[in-house]
Amino acid sequence: MNKDRLILRTRFIDRASHWFMVICFFLVAMSGLSWFFPSLNWLNGVFGTPQLARILHPFFGVVVYVVLMFLFVRFVRYNLPEREDAIWFRNVNKVLAGDHSQPLRIGKYNAGQKILFWGIMGLITLLMGSGVIIWRPWFADYFSIPLIRIALFTHALAGISLILLIIGHAYLAFWVKGSIRGMITGYVSRTWAKSHHDRWYQQISNKSEKK
Amino acid sequence: MSLQSQDIIRRSATNAFTPAPRARDHQAEVAKLIDVSICIGCKACQVACNEWNDLRDEVGHNVGVYDNPADLTPDTWTLMRFDEHQDENGKLEWLIRKDGCMHCADPGCLKACPQPGAIIQYANGIVDFQSEHCIGCGYCVAGCPFDVPRISKKDNKAYKCTLCVDRVTVGQEPACVKTCPTGAINFGSKADMLVQAEERVSELQGRGFAGAGIYDPQAVGGTHVFYVLQHADKPQLYHKLNPDPRISSAIEGWKGWLKPVAAAAFFATLAGTVFHYIGVGPNEVEEDEKETQV
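Note that the protein sequences, when read in sequence, are chains A and B.
Just so we're aligned: 170 in my numbering is position 170 of the first sequence, and the numbers increase by one with no gaps anywhere.
Each position in the second sequence, counted from 1, maps to that position plus 1000 in my numbering.
Keep in mind that the hints are not guaranteed to be accurate.
[As the list claims (entries may be wrong)] Derived DMTMM-like pairs (lysine to aspartate or glutamate); straight-line CA-CA distance at most 25 Å:
| # | chain 1 | residue 1 | chain 2 | residue 2 |
| --- | --- | --- | --- | --- |
| 1 | A | K207 | A | D141 |
| 2 | B | K1043 | B | D1007 |
| 3 | B | K1178 | B | D1155 |
| 4 | B | K1157 | B | D1192 |
| 5 | A | K194 | B | E1284 |
| 6 | A | K177 | A | D198 |
| 7 | B | K1240 | A | D14 |
| 8 | A | K108 | B | E1286 |
| 9 | B | K1153 | A | D141 |
| 10 | B | K1157 | B | D1054 |
| 11 | A | K108 | A | D141 |
| 12 | B | K1153 | B | D1067 |
| 13 | A | K108 | B | E1284 |
| 14 | A | K114 | B | E1284 |
| 15 | B | K1154 | A | E209 |
| 16 | B | K1157 | B | E1284 |
| 17 | A | K207 | B | D1192 |
| 18 | A | K177 | B | E1287 |
| 19 | A | K108 | B | E1287 |
| 20 | A | K177 | B | E1284 |
| 21 | A | K94 | B | E1287 |
| 22 | A | K108 | A | E209 |
| 23 | B | K1178 | B | E1286 |
| 24 | B | K1190 | B | E1173 |
| 25 | A | K94 | B | E1284 |
| 26 | A | K194 | B | D1067 |
| 27 | A | K177 | B | E1286 |
| 28 | A | K194 | B | E1287 |
| 29 | A | K94 | B | E1286 |
| 30 | B | K1043 | B | D1075 |
| 31 | B | K1234 | B | D1075 |
| 32 | A | K177 | A | D85 |
| 33 | B | K1190 | B | E1029 |
[What the hints assert, rightly or not] Pair by pair, the computed Cβ-Cβ distance ranges are:
| # | chain 1 | residue 1 | chain 2 | residue 2 | range |
| --- | --- | --- | --- | --- | --- |
| 34 | A | G45 | B | V1195 | 49 to 59 Å |
| 35 | A | H18 | B | R1246 | 44 to 54 Å |
| 36 | A | V66 | B | V1261 | 55 to 65 Å |
| 37 | A | G45 | B | F1209 | 50 to 60 Å |
| 38 | B | H1026 | A | G45 | 29 to 39 Å |
Since the hints were derived computationally from the structure, they do not count as laboratory data.
Positions of the beta carbon are idealized from the N, C-alpha and C atoms, including for glycine.
Produce the complete structure using the sequences and hints provided.
What follows is the structure in structure tokens.
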């Protein structure tokens, strides 16, 4: 791999955080599903035993939350809504068809990725808040039973929504060839950047020309 | 370990397609009838419960009322609740209610429990926690409409009255029933207990307790522990006994419609990704010659 011809898209600290969080999220999501769909109770085997899973799930959940908040600080400036996002929305059918004939003025992240970003950050915050309320034996005793009932429902709904979002995220990364390599090595090709994130590519090129 | 029996009719976190063993479920439903109007508040039932179940709760403090300990705990499965009530004519009444698990026909704890077999319901109506399967999540606490289960600090598992399932299984009455010196606690088939309760209610009504009645809440399918109350029209007088107990709509939704909706969403999402991929094909970009050949 000749890095001169490639563009650094994601730095090591962000990639390391991402993949560390992926492992923790997988364990938390599997154990969570094991309680939401009790017929899939075996999924909590990822933590050893049902009792261990019940103890460890919240701690790993907090790790996911903390890492995501770090990534929030790192990435929020690229994920603020911009006027150009409207172009992406208008052409969402072409995007889903994989049609790159027309440049869509896409910045570092496209409008769909921005929605994903805010969806993940919002849902993990909801999960963290409701999770504390139902966390035994440490915190649940400080809250009233009616509040715990609402938190249980909210936690399940937010958890399912987040897992669905992540399935979509992982699929799109798999669909758009070069994305997963980008998240592992950090580098993407110039052509990849040009066709998927044209405005970001322009910004990067302008910067390197100035040098 | 749990007493092995095959007369389990419901098992927590178990799909209806794969129910509990049900060959031996031809049994009469049992019930414990607590006649509040006869209770003298001696707490013998509390002591008998501790004796039989080998529970030794910490001796509590006097908090200004006779209740001791002040609340149900993981080591106190039944508790006398004392309330003073003054009626319209200024007459003082001392209302004493034996609190504990009601053994609902439609148990909220069992509905909420996520661990297969940690809560079971026997054909005779007894709802029992299988503590060795309990994971300590506390969902039963949220599921219960009567605020009964308690999580132990010793082992982080949930506990409550078993209706002395180990005694009932071998043909004995629960320990509290056996020890009650006034006959305020009775045990038998639910049908017999209802007849006895109705007789007592009409007796009480004849003596001027116009509001006397049976507390056997139907919104939870009726209960296998039920009360005769002097003021059944105002159950909240008896230490805030819930006039209309039912499983909360948050629990019903979470364990009800949310599950099939979520399952459908999962199938739709996964099917969508598969059909999109084989329909549209991988999203690849042609690398320029000069770039790839470096």
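Q. Against which earlier hints does the structure fall short, listed by number upward?
A. Structure breaks hints 1, 2, 3, 4, 7, 11, 15, 16, 17, 23, 26, 31, 36.
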